[in-house]
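**Q** Could you put together the complete structure from these sequences and hints?
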Amino acid sequence: MVKKNRILLAAVLLAVFVLTFSSCGRDKRVVLNVYNWGDYIDESVIDLFEKKYNIKVNYDTFSTNEDMYVKIKSGGADYDVLFPSDYTIERMIREDMLHKLDFNNIPNFKYIDDRFKNLGYDPNNEYSVPYMWGTVGILYNKTMVDEPVTSWRILWDEKYSKQILMLDSQRDSIGVALKMLGYDMNTRNLDELEAAKQALIQQKPLVLAYVGDDVKDKMISGEAALAVVWSGDAIFMKRENPDLEYALPKEGSNLWFDAMVIPKTSKNKAAAELFINFMCEPEIAYKNADYIGYSSPHTEVKKMLDPELVADKAAYPDEEDLVNYDIYKDLGDYLKVYDRIWTEVKSH
469 MVKKNRILLA
479 AVLLAVFVLT
489 FSSCGRDKRV
499 VLNVYNWGDY
509 IDESVIDLFE
519 KKYNIKVNYD
529 TFSTNEDMYV
539 KIKSGGADYD
549 VLFPSDYTIE
559 RMIREDMLHK
569 LDFNNIPNFK
579 YIDDRFKNLG
589 YDPNNEYSVP
599 YMWGTVGILY
609 NKTMVDEPVT
619 SWRILWDEKY
629 SKQILMLDSQ
639 RDSIGVALKM
649 LGYDMNTRNL
659 DELEAAKQAL
669 IQQKPLVLAY
679 VGDDVKDKMI
689 SGEAALAVVW
699 SGDAIFMKRE
709 NPDLEYALPK
719 EGSNLWFDAM
729 VIPKTSKNKA
739 AAELFINFMC
749 EPEIAYKNAD
759 YIGYSSPHTE
769 VKKMLDPELV
779 ADKAAYPDEE
789 DLVNYDIYKD
799 LGDYLKVYDR
809 IWTEVKSH
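Sequential numbering of the sequence shown, starting at 469, is according to this note's numbering.
Worth flagging that the hints you see were computed from the coordinates, not collected in a lab.
Accuracy of the hints is not assured; some may be wrong.
[Claimed, not checked] Distance windows between CB atoms, simulated: (1) L790 x Y759: 17 to 27 Å; (2) E787 x D682: 30 to 40 Å; (3) D515 x N657: 46 to 56 Å; (4) K541 x E615: 45 to 55 Å.
Virtual Cβ for every residue (Gly too), placed ideally from N, Cα, C.
**A** Structure representation (structure tokens):
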């Protein structure tokens, strides 16, 4: 099997070599266009890939799944590798926007932990390779919160008025309210969604701000006591301010995944699969996980990371901690209902 994989990988390299000198002119390299979240890669990795394979990488970033999706759907961009989240991958598969991957060209897929394969957004693992994963939970300042943080309900406690930061994200903030009330984060039940809306409206006077990336500076500097955050950001903030701690609410929350995919508009599928395989090389995957701070699905990376980090449930929770955690699903046109609810909450 190893010999077979080496032969197949050599064939991919040969194809890339041919493209380099036949399609791109004698003074040009194959160009690979990569579209990823901001600050979501150790940029030295790009240099290493370029030098190893003589392929030029054009690297662009996006801030939301929705922005990325619209750009690809409109045909206004020509990318070869994307890094969308679970529910967006599900949508892009449904709309026939992604290539099926040839895993003969991605032998390093063997390093992806089996618990992160065949998930609902790509049930047969045909279109995606997991990149990072994590949870949504509560980051709190131990000098400002002197009680156990075990439930989303603490974000509705009046004694923390104007000390609470919520995510400026309809799926996440509505999802928090749904989970607090005991509902599924992907619900299409209008009564449940109305209850979540009313809970968020009730909470709004207590909220200091609805935030995005600025949550990092605010929590590190001690501007707020409690914040809804993604686990990877929590790891970063805990490093910067030891007074901060991360909690997984007992009601459950969101379990999310970002993965690498190839859009059907790609003109360099062989080179794109080479890039994905490179990103799964143990040393490269470690570089990215160490730089970003998010949880890696890569079995070898956990062996290389600081044991203290691997033992931190903010980064690597046990499976039993995630029993009530929902993976976001593609809501299709029903997302408009979530958009309406969020608009009504924000404008109330």
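**Q** Each hint: holds or not?
**A** Consistency of the hints with the structure:
1. L790 x Y759: 17 to 27 Å: holds (25 Å)
2. E787 x D682: 30 to 40 Å: Holds, since E787 and D682 (Cβ atoms, about 33 Å apart) stay within the stated range.
3. D515 x N657: 46 to 56 Å: Hint holds: Cβ distance 50 Å, inside 46 to 56 Å.
4. K541 x E615: 45 to 55 Å: holds (46 Å)
The structure is consistent with each of the numbered hints, conforming to all of them.
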